[in-house]
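> So you can see what is in the structure, the chains are spelled out below.
Protein chains: 2
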Amino acid sequence: MLAIYNIRLVIEYDGKDFNGWQKQNDKLNIQGEIERAIEIITGEKVELIASGRTDAGVHALNQIANFKIDKDINIEKLPYALNSQLKKSVRIKTAELVDNEFHSRYHAKKKTYRYVINNSSQGSSIYRNLEYNFPLHLDEKLMQEAIEYFIGEHDFKAFKASGGSTKSSVRTIYNASVRREGERIYIELTGNGFLYNMVRIIAGTLLDVGLGRIKPEEVKEIIESKDRSRAGKTLPPNGLFLVNVDYNE
Amino acid sequence: MLAIYNIRLVIEYDGKDFNGWQKQNDKLNIQGEIERAIEIITGEKVELIASGRTDAGVHALNQIANFKIDKDINIEKLPYALNSQLKKSVRIKTAELVDNEFHSRYHAKKKTYRYVINNSSQGSSIYRNLEYNFPLHLDEKLMQEAIEYFIGEHDFKAFKASGGSTKSSVRTIYNASVRREGERIYIELTGNGFLYNMVRIIAGTLLDVGLGRIKPEEVKEIIESKDRSRAGKTLPPNGLFLVNVDYNE
Chain D
137 MLAIYNIRLV IEYDGKDFNG WQKQNDKLNI QGEIERAIEI ITGEKVELIA
187 SGRTDAGVHA LNQIANFKID KDINIEKLPY ALNSQLKKSV RIKTAELVDN
237 EFHSRYHAKK KTYRYVINNS SQGSSIYRNL EYNFPLHLDE KLMQEAIEYF
287 IGEHDFKAFK ASGGSTKSSV RTIYNASVRR EGERIYIELT GNGFLYNMVR
337 IIAGTLLDVG LGRIKPEEVK EIIESKDRSR AGKTLPPNGL FLVNVDYNE
Chain H
137 MLAIYNIRLV IEYDGKDFNG WQKQNDKLNI QGEIERAIEI ITGEKVELIA
187 SGRTDAGVHA LNQIANFKID KDINIEKLPY ALNSQLKKSV RIKTAELVDN
237 EFHSRYHAKK KTYRYVINNS SQGSSIYRNL EYNFPLHLDE KLMQEAIEYF
287 IGEHDFKAFK ASGGSTKSSV RTIYNASVRR EGERIYIELT GNGFLYNMVR
337 IIAGTLLDVG LGRIKPEEVK EIIESKDRSR AGKTLPPNGL FLVNVDYNE
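First to last, the protein sequences are chains D and H. For the first sequence, our numbering assigns the number 137 to the initial residue and increments by one for each residue that follows. For the second sequence, our numbering assigns the number 137 to the initial residue and increments by one for each residue that follows.
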């Protein structure tokens, strides 16, 4: 029998408690945790497909995932039912019935990521798992100047960690901004897709710009070089949030 | 020998990891944790005096505390030195040398507390320890109307949990506000002092107002009744933050 109901979930999670999205054998992961809850609630073993994987420690405010089941279930109550079975570090925000063709990964058109830097000397105890503490002063105006070079279609090979599985490293960035609010700096990027560790490497490169180690205009050369060794280091996962996934052009 | 250096600390902590400020025998507490670090760094056993205790689970953005030592230490490097010995859930933000007479508790003139309600149906995984999730819709305009009755000098006996040690329950509230940002509601109160659980009981009462169970103007009567049973329930500690302590009139 073909599964006939296609259900789309909006999911928030605290990445610190998981070894990333992807199902693995022993380690706690978000996909496996939610599939377990779905099986308890619906009685069906499903495969939950996300818009993309997130690494261990990375958070999501609105991850999108879908799964198919045979059983007609109460879709309105599904978030409550699933949350009652899930660890508190993952929440189903909403659930809706979608077209049978809808595919969370293939149909994602844009993604927005945010990287949060706490730019204070001692960092924060309360938000320590939700930001990266960097104690030396960063000039956010230089960082804003630099981030604009990422906008447009580029080969981002210089900003890709080894280990990613995609063939092409060409991506389009639609929006990119850096803003400071007090001691925090927020880096935000919207693109049609991101390579493995791409946002964290861009954030690390912007950090060098904020310190004056790299000039904003050098970012253009680094992109063109396609040389990973010329970009900055990969910042830790705890400062990274998947903010949104957009399915419209 | 008299201790001659009086040192004032600004401290941030994540209340979830501690059984409150006050030193207790077995349980992890903030006072004991910092006193331990001070002893390691300075070699002196000190008593750390805070502006006031906070309960288990309550957070502080800028708690103030002071201690006296005999030894001349590098005050600029003290936050780094102490933080290197502290759990990550507590951070010393700054340290400064102050008048020998300065007393964190006796000289505190104003305190500001914030209570955070996540007013969404499923709550947040990421911020679950930093807010109280209440799923039914709250009308923040009614809550704002109600909170204004707290402003001024009142006997707040109706908003005091048993167990507090203070004699008088008269306090002055200087500022009080309720604001909504998306799904979050922020209740903020500045006063010359707060009774045991007072902010959490005020927040619980405002929650009843936001639901329409209590009319804003009834808050006046509840205050005048001095009857704890007429006020709302005590909301959980994880939504409460000590924001600031002010030592000027």
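Read the hints as simulated data drawn from the structure, not as lab findings. Careful: at least some of the hints might be erroneous.
It does not matter which identical chain is meant; a pair holds if it fits inside one copy or across any two.
[As the list claims (entries may be wrong)] DSSO-like cross-link-like pairs, simulated, lysine-lysine; straight-line CA separation at most 30 Å:
{"id": "1", "residue 1": "K224", "residue 2": "K213"}
{"id": "2", "residue 1": "K163", "residue 2": "K277"}
{"id": "3", "residue 1": "K362", "residue 2": "K223"}
{"id": "4", "residue 1": "K362", "residue 2": "K245"}
{"id": "5", "residue 1": "K246", "residue 2": "K369"}
{"id": "6", "residue 1": "K223", "residue 2": "K277"}
{"id": "7", "residue 1": "K356", "residue 2": "K204"}
{"id": "8", "residue 1": "K229", "residue 2": "K356"}
{"id": "9", "residue 1": "K223", "residue 2": "K369"}
{"id": "10", "residue 1": "K369", "residue 2": "K163"}
{"id": "11", "residue 1": "K224", "residue 2": "K356"}
{"id": "12", "residue 1": "K369", "residue 2": "K181"}
> Against each hint, give a clear statement of whether it holds in the structure.
Hint by hint, here is what the structure shows:
Proximity of K224 to K213 under the C-alpha cut-off of 30 Å is restricted to the intra-copy arrangement: shortest distance 18 Å within a copy versus 39 Å between copies. For a Cα distance limit of 30 Å, the shortest separation of K163 from K277 qualifies neither inside one copy, at 41 Å, nor across copies, at 46 Å. Taking the shortest alpha-carbon separations for K362 and K223, neither the intra-copy value of 41 Å nor the inter-copy value of 41 Å comes in at or below 30 Å. Taking the shortest Cα distances, K362 and K245 sit within 30 Å of each other inside one copy (24 Å), while across copies they are farther apart (59 Å).
For the identical chains of this complex, K246 and K369 are intra-copy neighbours only, at 25 Å inside a copy versus 45 Å across copies, given an alpha-carbon limit of 30 Å. In this homomeric assembly, K223 and K277 never come within 30 Å of each other (Cα to Cα): the closest approach is 40 Å inside a single copy and 34 Å across copies. Taking CA atoms no more than 30 Å apart as the test, K356 paired with K204 passes in neither setting, with 44 Å inside one copy and 55 Å between copies. In the homo-oligomer, the alpha carbons of K229 and K356 never lie at most 30 Å apart, since the shortest distance is 39 Å inside one protomer and 38 Å across protomers.
When the C-alpha separation of K223 and K369 is checked against a cutoff of 30 Å, the pair qualifies only between copies, where the shortest distance is 27 Å, while the shortest distance within a copy is 33 Å. Taking the shortest Cα distances, K369 and K163 sit within 30 Å of each other inside one copy (27 Å), while across copies they are farther apart (40 Å). Taking the closest pair of Cα atoms, K224 and K356 never come within 30 Å of each other, the shortest separation being 43 Å inside a single copy and 38 Å across copies. For a Cα distance limit of 30 Å, the shortest separation of K369 from K181 qualifies neither inside one copy, at 40 Å, nor across copies, at 42 Å.
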